[in-house]
Amino acid sequence: MNDSIHKEPSMLRQKELIGGHYRKLARAKEAGLKSAYTFVPGNLTELLLAFDVLPVLPEINALQSAMRGKSAEYIAKAEKLGQSEDVCTYVKCDYGMMKSGNVGPTGERLPDPDLLLLSYTGCFTFLKWFELLREEYKAPTVMLHVPYQGDGAATREMRDYVVKQLRRVVIPALEKVTGKRYDEDRLRHILALSAQAEEDFVAVFRAARNRPSPIDAYFGGVYYIGPIFTAFRGTQAAVDYYRMLRAEVDARVAAGAGPLTPDGPMPREKYRLVVEGPPNWTSFHEFWRMFHEEGAVVVASTYTKVGGVYEDGFRHDPARPLESLAEYCLGCYTNHNLPARADRIARYVQDYEADGFLIHSVKSCDSFSAGQLVILRDVEQKTGRAGAFIESDLVDPRYFAASNVKNRLESYLQMIDQQRRGATACAR
Amino acid sequence: MSQPAAAALAQLVERAEALAYDVEYSAVRAWKERHPGALAIGFVPVWAPRELIAACGALPVGVVGGGDKVEIIKGDACYQSYVCHLPRSVVELGLNGRLDCLDGMLFPSICDVIRNLSGVWKLLFPNKLSHYLDLPQDFDPEIGGDFFRAELAQLVELLVARGARRPTPASWRQAITEHNENRHLVEELHALRREQPWRVPTSEAYVVARAGCVLPATEHSALLRDYLALVRAVPRAPLDNARVVVAGAFCEQPPLDLLKTLERAGCYIVGDDFLLAPRFVRADVPLEGDPLAAIANTWLAHAQPHASVWTRAGTKGDDLVALARKAGAEGVLFAAPSFCDPALLDQPMQEAACGRAGLPHMHFKYSENSGQFQGIREQAGTFADAIKLWSGA
Numbered sequence: 001m002n003d004s005i006h007k008e009p010s011m012l013r014q015k016e017l018i019g020g021h022y023r024k025l026a027r028a029k030e031a032g033l034k035s036a037y038t039f040v041p042g043n044l045t046e047l048l049l050a051f052d053v054l055p056v057l058p059e060i061n062a063l064q065s066a067m068r069g070k071s072a073e074y075i076a077k078a079e080k081l082g083q084s085e086d087v088c089t090y091v092k093c094d095y096g097m098m099k100s101g102n103v104g105p106t107g108e109r110l111p112d113p114d115l116l117l118l119s120y121t122g123c124f125t126f127l128k129w130f131e132l133l134r135e136e137y138k139a140p141t142v143m144l145h146v147p148y149q150g151d152g153a154a155t156r157e158m159r160d161y162v163v164k165q166l167r168r169v170v171i172p173a174l175e176k177v178t179g180k181r182y183d184e185d186r187l188r189h190i191l192a193l194s195a196q197a198e199e200d201f202v203a204v205f206r207a208a209r210n211r212p213s214p215i216d217a218y219f220g221g222v223y224y225i226g227p228i229f230t231a232f233r234g235t236q237a238a239v240d241y242y243r244m245l246r247a248e249v250d251a252r253v254a255a256g257a258g259p260l261t262p263d264g265p266m267p268r269e270k271y272r273l274v275v276e277g278p279p280n281w282t283s284f285h286e287f288w289r290m291f292h293e294e295g296a297v298v299v300a301s302t303y304t305k306v307g308g309v310y311e312d313g314f315r316h317d318p319a320r321p322l323e324s325l326a327e328y329c330l331g332c333y334t335n336h337n338l339p340a341r342a343d344r345i346a347r348y349v350q351d352y353e354a355d356g357f358l359i360h361s362v363k364s365c366d367s368f369s370a371g372q373l374v375i376l377r378d379v380e381q382k383t384g385r386a387g388a389f390i391e392s393d394l395v396d397p398r399y400f401a402a403s404n405v406k407n408r409l410e411s412y413l414q415m416i417d418q419q420r421r422g423a424t425a426c427a428r
Numbered sequence: 001m002s003q004p005a006a007a008a009l010a011q012l013v014e015r016a017e018a019l020a021y022d023v024e025y026s027a028v029r030a031w032k033e034r035h036p037g038a039l040a041i042g043f044v045p046v047w048a049p050r051e052l053i054a055a056c057g058a059l060p061v062g063v064v065g066g067g068d069k070v071e072i073i074k075g076d077a078c079y080q081s082y083v084c085h086l087p088r089s090v091v092e093l094g095l096n097g098r099l100d101c102l103d104g105m106l107f108p109s110i111c112d113v114i115r116n117l118s119g120v121w122k123l124l125f126p127n128k129l130s131h132y133l134d135l136p137q138d139f140d141p142e143i144g145g146d147f148f149r150a151e152l153a154q155l156v157e158l159l160v161a162r163g164a165r166r167p168t169p170a171s172w173r174q175a176i177t178e179h180n181e182n183r184h185l186v187e188e189l190h191a192l193r194r195e196q197p198w199r200v201p202t203s204e205a206y207v208v209a210r211a212g213c214v215l216p217a218t219e220h221s222a223l224l225r226d227y228l229a230l231v232r233a234v235p236r237a238p239l240d241n242a243r244v245v246v247a248g249a250f251c252e253q254p255p256l257d258l259l260k261t262l263e264r265a266g267c268y269i270v271g272d273d274f275l276l277a278p279r280f281v282r283a284d285v286p287l288e289g290d291p292l293a294a295i296a297n298t299w300l301a302h303a304q305p306h307a308s309v310w311t312r313a314g315t316k317g318d319d320l321v322a323l324a325r326k327a328g329a330e331g332v333l334f335a336a337p338s339f340c341d342p343a344l345l346d347q348p349m350q351e352a353a354c355g356r357a358g359l360p361h362m363h364f365k366y367s368e369n370s371g372q373f374q375g376i377r378e379q380a381g382t383f384a385d386a387i388k389l390w391s392g393a
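Line order of the protein sequences matches chains A and B. Counted the way the numbering used here counts, the first sequence spans residues 1 to 428. Counted the way the numbering used here counts, the second sequence spans residues 1 to 393.
Since the hints were derived computationally from the structure, they do not count as laboratory data. Some clues are possibly wrong.
Stated by the list, open to error - Restricting the straight-line Cα-Cα distance to at most 35 Å, the calculated cross-link-like pairs of lysine-lysine (DSBU-like) are:
| no. | chain 1 | residue 1 | chain 2 | residue 2 |
| --- | --- | --- | --- | --- |
| 1 | A | LYS80 | B | LYS260 |
| 2 | B | LYS74 | A | LYS382 |
| 3 | A | LYS34 | A | LYS15 |
| 4 | B | LYS326 | A | LYS138 |
| 5 | A | LYS80 | B | LYS326 |
| 6 | A | LYS15 | A | LYS138 |
| 7 | B | LYS365 | A | LYS406 |
| 8 | A | LYS406 | B | LYS74 |
| 9 | A | LYS7 | A | LYS29 |
| 10 | B | LYS388 | B | LYS326 |
| 11 | B | LYS128 | A | LYS80 |
| 12 | A | LYS77 | B | LYS365 |
| 13 | A | LYS164 | B | LYS128 |
| 14 | A | LYS70 | B | LYS365 |
| 15 | B | LYS69 | B | LYS365 |
| 16 | A | LYS77 | B | LYS388 |
| 17 | A | LYS382 | B | LYS128 |
| 18 | A | LYS7 | A | LYS70 |
| 19 | B | LYS388 | B | LYS365 |
| 20 | A | LYS164 | A | LYS176 |
Full structure from sequences and hints, please.
Encoded structure:
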C-alpha cells in the first residue's frame with residue numbers, strides 16, 4: 001500500500017503480526033523453537049500451536065516473493081535447475097528461493113524445517129512439492145491425505161479417515177519432533193479462539209452485501225485472510241485483529257463508505273463483481289487499480305475461501321477437536337468439486353447482487369484452472385449473466401500482460417453498461 | 001521365416017491396432033449388444049478396479065484419449081492452452097457422442113486436471129455416472145485400507161444404482177481370476193520384450209496392450225496369448241540398438257508414430273509406463289476373504305511407485321533406476337506430455353536419481369496428437385548412438 005495513504009489500525013496491526021512471525025522464524029533455531037512447513041488449504045495451525053511449532057507456508061513465501069519483485073529471479077533459477085516451464089510457478093518460486101538462501105520477506109533467513117507436514121488438501125501439486133522439499137531438506141515428512149469431495153459432499157468415512165491419520169500419524173510425528181505430549185485440552189482452548197475469530201471473519205466478508213460494499217472481497221480480501229489462513233488462527237492476536245477489522249468495516253458501513261484501496265478510499269461503486277480464482281501477485285496493485293479506477297468492486301471471491309469456507313456455518317469446535325480439524329480440511333474451497341464451485345459462484349452473484357462475475361484463470365494452478373471454462377458457462381446459465389475470463393499467472397511476471405487484462409476487463413464492464421442501458425430502455 | 005505365422009502376426013497386430021484406436025468404441029458397442037442391459041464403465045488413466053466393475057457384470061473400458069484420431073474443437077473450448085491435451089480429447093469424444101456407449105466414467109486420482117475432469121463430466125453429462133476415485137495416500141491397512149475399502153464399497157453401490165448387478169461370490173471369483181490372468185499375460189508380454197526386444201517391437205506390444213482397453217479381460221487375454229505365441233514363432237533378427245526405458249508417458253498416451261520413431265532412431269524400449277491399468281498393481285488379488293478388502297489391500301501393498309502416489313520411503317527415482325536395471329536398460333528417455341504436472345514435477349528428481357546411478361538420460365515432450373517427430377528422432381538417435389559408442393568405454 002502507498003505509505004501516504006491513511007492506514008486503518010487493523011492494517012498496521014496485521015503488518016506487526018506478520019512481521020513478528022517472520023522475525024520469530026528467523027530466530028527459531030537459537031530460541032529452540034521448532035518449525036513445520038505446511039500449506040494454507042487444510043492447514044493444521046491449531047495443532048501446530050498446541051505443540052509450540054511455528055508454521056512456515058511455502059505458497060505464502062512464493063507470493064510474498066512475487067510482491068517484492070523477486071519471483072522472476074527465483075523461477076529462472078528453478079528452471080535452470082531442471083524444473084519445467086510448464087509447471088506451477090509457486091513451486092518454482094519457492095524452490096528458487098530456497099536455492100538462493102531461503103531469505104524470507106523480511107530479509108531474514110527462514111529456518112530449515114524440523115517437520116514437513118504435507119496437508120494434502122485440494123491441490124495435487126502439494127504432493128510433488130513436498131517430495132521435492134524432502135529431497136532437499138532430508139527432514140521428517142508426514143502426509144495427511146484429505147479426500148476430495150468428488151461427489152459434492154464430505155462423508156463420514158472421509159472424516160474418519162482424516163481423524164485416524166491425525167491421531168495415528170500426524171500427532172505422533174509432532175510428539176517425536178517436539179518431544180512434547182499431545183495435550184488435547186490445550187488444543188481445545190486454541191480451537192475456541194479460532195471459532196471466535198471465525199465469527200468476525202465471516203461478518204467482515206458478509207458486509208460486502210451492503211451498497212456500497214465497505215470492502216473489496218478479493219484484492220482487499222487477500223489482506224483480510226492473511227492472519228486466519230496462516231500462522232495466527234487459534235491465537236488471541238487473531239481474535240483481536242478480526243474484532244478490530246470488523247469494527248472498522250462496520251464503521252464504513254455506517255458511514256456509507258466504500259473500500260480502501262492502495263490509492264485511497266474508493267470514491268464510488270459502479271460495478272459489483274464476483275471473482276473466481278487466485279490473484280496475480282507480481283502486478284497485484286496494478287491489477288487492483290484496473291478495477292477500482294473503473295469503480296469496480298469485488299463483493300465476493302472464491303480465492304478467499306481456499307484456507308477454509310466459514311460462510312456456510314463451519315466453525316472449529318473445541319468439543320470435537322480432531323473431528324473439527326478434519327472437517328475444516330475437507331471443507332476448503334479447492335476441495336469442492338466443480339459443480340459445487342459453480343453453484344457457489346452463482347449463489348454469490350445472487351446473494352451479493354453482483355452485476356457480473358469474472359474468472360481470473362492462472363496458468364500455474366490446475367486445481368483452480370482446469371475446468372474453469374465449463375464453470376463459466378454453467379454460472380452463466382444459472383445466473384443469466386455473461387461472465388468474463390482473464391488469464392495470467394500467480395507469480396511468474398512473464399504471464400501478466402497488463403494491456404490485455406485491462407482491455408478484457410474494460411470490455412466486460414462496457415458490456416455491463418450496455419446491458420444496464422438495455423434493461424432501462426425495456427423498463428420504459 | 002514362417003510365412004503363415006508372420007501373416008497371422010501381421011493380421012493380429014492390424015486387428016489390435018484397429019481396436020486400440022477405434023474412437024467409435026465399436027467393440028464396446030458390440031459387447032453391449034451381446035449383453036443387453038449390462039453397463040459399460042469408462043475409466044481414465046492410470047488405474048481402476050477393473051475386477052470390481054466386471055464383478056458387477058459391467059465392462060471396464062479404458063479411455064485413454066483420442067490421440068491423433070480426433071479433431072479437437074469442442075474440447076478446446078473447455079480448456080485453456082496451458083492444460084494438457086488428454087482432457088480436451090476425452091471431452092471431445094464425449095460431446096461428439098462417441099462415448100455414449102458408456103454408462104459412466106471413473107476418474108482415478110492422478111492429478112488436478114483429471115480430478116477436475118470428473119466435475120466437468122458431471123456438468124456436461126448430468127445423466128451419466130461420473131465418479132472421482134480417490135486412491136489412498138496412507139498405506140496402513142487400518143487407515144488407508146479402511147478408507148479405500150469404503151470407497152470401493154461406495155463404487156459398487158453407485159454401479160448397482162445405475163442398473164449393474166450386485167456382485168455375488170461367484171462373480172467376484174470369476175472377475176478376480178480373469179483379471180489376475182490378464183495381469184500375468186500383460187506381464188509376460190513385457191517380460192518377453194525385456195528379454196528379447198527384437199521379437200516384440202514396442203509399436204506392436206503397445207497396440208496389443210491398448211486393445212485391452214475395449215475388450216473384456218478374457219478376450220484380451222486370448223489376444224495376448226495368440227500374440228505371444230506368434231512372436232515366439234516368427235524369427236526376427238536382433239539389431240544393435242540401445243536399450244532404453246521410457247518414463248513419464250503414463251496418462252496422456254504417446255502417438256504410435258512416436259514409438260515407431262524411437263525404435264527407428266535405434267532404441268529398444270525395454271521398459272515403459274504406458275497403459276498401466278493392468279500392471280499398476282504388481283500382485284494377484286487374492287480370491288479368499290472379502291473381495292473389497294482384497295482389492296484395497298493388494299493395492300496398498302503392491303501398487304507400483306508412481307508420480308500420482310506419495311513416495312512413502314526411499315528417494316524419488318529409485319524405482320525408476322531399479323526398473324532400468326531390471327530391464328538391462330542403458331538409458332532413460334523422459335517423455336512427458338506437455339503440461340503434465342505429475343510427470344514434469346517428478347522428472348528433475350528422477351533425472352537426479354539417474355545421474356547418481358550413472359544412467360544416461362534425455363528428455364522431450366509430446367502431445368497425444370503430435371505429428372512431427374523429426375526433432376525427437378534426431379535427439380533419440382544421437383542419444384542411442386552415444387550409448388552405443390561411449391557406454392562402458
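Right, here's what the structure says about each hint:
This hinted pair checks out: LYS80 of chain A and LYS260 of chain B have alpha carbons roughly 31 Å apart, not beyond 35 Å. The straight-line distance between the Cα atoms of LYS74 of chain B and LYS382 of chain A is roughly 21 Å, inside the 35 Å bound, and the hint therefore holds. A distance of roughly 23 Å separates the Cα atoms of LYS34 of chain A and LYS15 of chain A; the hinted pair therefore holds under the 35 Å criterion. For a cut-off of 35 Å, the pair hint linking LYS326 of chain B to LYS138 of chain A stands: about 28 Å separates their Cα positions.
Restraint check: the Cα-Cα separation between LYS80 of chain A and LYS326 of chain B comes to about 31 Å, which is no more than 35 Å; the hinted pair holds. Between LYS15 of chain A and LYS138 of chain A the alpha-carbon distance is near 32 Å, which keeps this suggested pair within the 35 Å criterion. Between LYS365 of chain B and LYS406 of chain A the CA atoms are separated by roughly 33 Å; this keeps the pair inside 35 Å, and the hint holds. Between LYS406 of chain A and LYS74 of chain B the CA atoms are separated by roughly 27 Å; this keeps the pair inside 35 Å, and the hint holds.
Distance check on the hinted pair: LYS7 of chain A and LYS29 of chain A sit about 34 Å apart at the alpha-carbon level, within 35 Å; holds. Of the pairs offered as hints, the one joining LYS388 of chain B and LYS326 of chain B holds, with about 19 Å between alpha carbons and a cut-off of 35 Å not exceeded. For the hint linking LYS128 of chain B to LYS80 of chain A, the alpha-carbon distance of about 45 Å lies beyond 35 Å, and the restraint is violated. Proposed proximity of LYS77 of chain A and LYS365 of chain B is supported: the alpha carbons are some 21 Å apart, at most 35 Å.
Of the supplied pair hints, the one linking LYS164 of chain A and LYS128 of chain B holds, its CA atoms being roughly 33 Å apart against a limit of 35 Å. Using a Cα cut-off of 35 Å, the hinted pair LYS70 of chain A and LYS365 of chain B holds, with the two alpha carbons roughly 29 Å apart. Taken as a hint, the LYS69 of chain B and LYS365 of chain B pair is honoured in the structure, with Cα atoms around 19 Å apart against an allowance of 35 Å. Restraint check for LYS77 of chain A and LYS388 of chain B: satisfied, since their Cα atoms lie roughly 34 Å apart, inside the 35 Å limit.
Between LYS382 of chain A and LYS128 of chain B, the direct Cα distance comes to roughly 20 Å. Compliance with the 35 Å bound is thereby established for this hinted pair. Proximity of LYS7 of chain A to LYS70 of chain A is assessed by CA-CA distance (about 25 Å); at most 35 Å being required, the pair is judged to hold. Between LYS388 of chain B and LYS365 of chain B the alpha-carbon distance is near 24 Å, which keeps this suggested pair within the 35 Å criterion. Taking the CA atoms of LYS164 of chain A and LYS176 of chain A, the gap is near 18 Å; set against the 35 Å cutoff, the hint holds.
The structure is inconsistent with hint 11 alone, although it conforms to all the rest.
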